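Both chains are given apart, each in its own frame, so use the hints to dock them into the complex.
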Amino acid sequence: MPADLTASPGSGRSGGLILLALLVIALFACTAFMTVGVTGGWAFVLQLRAVKLAALLLVGCAIALATVLFQTVSGNRILTPSIMGFDALYILIQTAAVFAIGASGLNLVDKRLLFLGQAALMTAFAALLYRWLFTGAVRSLHLLLLAGVVLGMLFRSISNILQRMIDPNEFVVLQDRFFASFNTVDTTLLGVAAVIIALAAIAIWRMRATLDVLGLGRDAAIALGVPYKRTTMTVLLLVAALTSTSTALVGPVAFFGLLVANMAYALIPSHRHALTLPAAALIAVICLVGGQTVLERVFAFNTALAIIVEFLGGIVFLFMLVRGAVR
Amino acid sequence: MTRTAAAVAVFLLLAVASLFAGVSDLTPGAVLAGDPAALNLLLTSRAPRTIAVVLAGGSVAIAGLIMQMLARNRFAEPSTSGTVDAASLGMLCATLLLPDMPVIVKMMVAAAFALAGAGLFMGVLARIPLSSPLVTPLVGLMLGNVIGAATSFIAYRYDLLQSLAAWSNGDFSTILRGRYELLWAAFALAALAWFTADRLTVAGLGRDFSVNLGLNYRRVLLFGLSIVAMVTAMVVTTVGMIPFLGLAAPNLASMALGDNMRRAIPLTALLGAGLALACDLLGRLVNYPFEIPIGTMMGVIGSVLFLYLLLGKRFRAG
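These protein sequence lines map, in sequence, to chains S and G.
Letter by letter, the first sequence follows residues 1 to 327 in the numbering used here.
Letter by letter, the second sequence follows residues 1 to 318 in the numbering used here.
Just so you know, these hints were derived from the structure itself, not from any lab.
Bear in mind that the values here come from a model prediction, so they are computed numbers and not experimental data.
Note that the Cβ used here is the ideal one computed from N, Cα and C, for glycine as well.
Hints are all accurate, no fakes.
In silico contact screen, one side only, chain S against chain G (beta carbon under 8 Å); selected entries:
hint, residue
1, SER140
2, LEU143
3, LEU145
4, VAL149
5, MET153
6, LEU154
7, ASN160
8, ALA304
9, ILE307
10, GLY314
11, ILE315
12, PHE317
13, LEU318
14, LEU321
15, VAL322
Derived CB-CB ranges, DEER-like:
hint, chain 1, residue 1, chain 2, residue 2, range
16, G, SER173, S, ILE101, 26 to 36 Å
17, G, LEU161, S, LEU27, 27 to 37 Å
18, G, PHE153, S, ALA96, 24 to 34 Å
Same shape as in the complex, but just chain G (with noise of 0.2 Å):
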């Protein structure tokens, strides 16, 4: 428990810090002083990112943990199993060819080709053998690589090369008030999992397995896999891919926990959170007062975290 403790006012830290971190001054003196100008900065601007960053790192880790579970493998998140990528071109699919739809119609077209993403994922993996774990990251890789690689090309085509950058690389910076709140769907959707974390465990054992238990198979993953994807397409719409995000929390928990999904999830979500909040912090300092964007930052930590897993003693996969 007390591990726990720690990481929930290393979490509060963290939040409290980004509320006050940035390039104008903003003390909380001013703020309990009522100040007006930095309430106002407060409630527009800092609160509004803070609870983004939150609300985005908490439910993509969340969505990670659904992947792993649904795909029986430690690697496997949106970002590696081409759902992140399928939602982008539905984005720019939505962008083409419904310029005037309001965003949560554009939303939900990305999620559909994310869900699409994350069934052509897992309907390669039923058909191959997987004579190693490490070939599910490869082949969901490798997948997002294609996906984005057509991507890039109509994006060419169409001159949106420059949308298209907005929202391939995770960025908080333009968050404001009025314009994060579709967030909150996001999390309540991976909320959810927590209530049906037992069917997906179970699922996660297989098909026979689950079938056998009497539990509905296909509705199970086509839930599961509905929950990563929409939360995949509202992250990816409002701020950007960040990448290994799901990758990371999950399996930080995973090493304090061990396997069990319900009682993983909100440290999960918390670890994720944190994760976000610390790489989002890290961005708007290292360059101050310039920012880099948390889709760069988490790449960086996100692929040293992966390589640690893939080379690490604990975890020796090969």
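Chain S with its partners taken away, still in its complex shape (with noise of 0.2 Å):
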């Protein structure tokens, strides 16, 4: 993706609006999310609906800022974390944990100590993974992907041979416990997964001069002074990091990524991630809770809006193979 250089002075100042308005309809759908069809107890609802809406918050920026840095150091739009199998990567390593230790031993051990060793087993792994699929002899965008696509459902299957090897009164018990949907926002997690993605946003804000030249390209990159491997190795941490919050949270998003950092770029009229990161953050803010506040209170159906996701994503991923936006 070659930055556009020769961006107008003034959009900056376009930007800037319109995150500025962005910001404003995330409120709006923050607010109607926590007040519409309120029935009896407010102090109650709130509670309840403030936690939910909390998870919502935190998966949204931690989706949109996993992708667009995955994007800018794959350099192009349509690859994304969990196109590539991060998501799946997370619950089989989660699986097989529950297959290893069991119900009985998991009971004992701290669940915010476990999601921690399973991040940073999840990290440590796709690091491996990844680096080899970056920097190994694959250079075709097209195998990354269809490698990616492949891995994805090679480690779904092996989740599935693993849960189905587990004593199936266990597994029922444990599918409550250790596999979240939107509907099961994990919120025991809620606290530890704040401190990670805030602490993950804070070192990318600080990096968002770098990601802007990682976004030239390779070659551009280094003859502008930038450590390339060290560099792309980090985001890739970062990525995992925050792709093992969202998946612990509310479990697997296949598309949701790819959607809202394309509509960022569509929006924000520049390629300075001080812009576009800010942007598909609240876009996917804005989408999440926007609509999860329709779908649950307005059409009632509870648990569509993964299927929803997955369906548009789809489309919109099709769309960009068949305009030949993958080159």
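Below is the structure:
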């Protein structure tokens, strides 16, 4: 993705205006989420919804940041961490942990500690795997995409086998506790997740100028003095940490990142990460919170958000593929 | 020839193993001695299951081979071209709208959907610049995902997620006598490909080339896709999806024989059946006495093989 170096001088200001507009819409969506359709005890409902809202905010930010970073590093707009199988990998590691330790053992371990262990393992593993994919002989983007998709399917199938090999009774108990979805947001992890995402966001914000240079492509970045390998590795580690966190909270959401990142690129007339990153995060929040409000309160479809995202995201992906956005 | 003989021997060995593997004890001795209980078990459960695995494996493998010829791509097969997902959507619609119809009618609906899915896939392929052979399976997989998402949404709305799971993951554990006979028809259809192999091969060379050779391209294309769609629908309605089988068997066969379709068909069918038997048997033994469905086993083995084809030295496709 060659950056548009000749962006008009006013693009920063109009980008700022768009960000402000997005912020207003996001706040409106959050207010609607908290207040629409409350019947009975306000205190109870507000508390219940506040927890869920916090989870959605965290997940939106994590997925948006992870996707934009990943796309900057890989130099295109169609690869996303979840298309490359990151969240399937997280589920696999989680299942393997349950399989190895067993339900009785897991009950003794603090869940937050377990999550940190899993996230660390996932980060190390993902870094190894994707370093191999990114710096090895694999140069073609199509090959990378297809290998990622098939790897994701492999991870899912292995998880599936392990899940079947866990004692069925034990598995039903574990499923509720360990496999999150939009409806069963894992609230015990909110605190840890907030800390991880905040730390990652600070690190990313401090790197924003370097990321702009990385977006110019590998050769240009090296020529401009960016330590390419080290920076890429740092970014991939951050992506792995963010993806683990969002998957732990609400489970895998295949195409969500692709949707919000591309909406952000389309709205923001600039390639500067100082603008695209917050825009993507705000769009993610608007889609998640707004979408959940509309689906839950207006249509009473509770768990459908993930399916709808999958449907729309798949169409956008196909469209990008067909239009030749992949070179 | 010795390699073919070895393949046949392994296949027979797997088939016999499949007859005698299971929770209730069945020994060759008891069958030969004419023990009525043993014979009953063999005839109502084990033999039908083994035959069903062989028929499904063989016909899915041939369907994969036909798809690869028509789409002119080594990675195309029913489960990487939206065909399987479309069949499953068709099955869901039939279950919703025609709940009282016999299975054969539902199967026909599923076949019609599968044909539409395969046609959509070929239509999309014809409209995009194929800058790389890898775009074809990517388009197919994503098309399958989109159709799959629509299917789960409908299933979710009408509380049919349970039934959807039954045909979205291939499983032979419920096969008994009287529940699998549709697969004979699938195999017969797939065998039809043997007689039309030359036309399908020519059609695989592309539209212009085949018209030049005097072939009715559209008719042959429609015929080939119809076989693929019918076979897919029959397998999906009886046992459920078996991912990547149609990808693995033809590629293994072409490693041994090259790309002559007529010569490759028997070996492809044999390898498909053998692979299906091996996966089914493995699924029965890994977590004994529970079973792991063949769809899941094949998901692992098939995707490893897919990755090998993608990244291995021999086929470096990128």
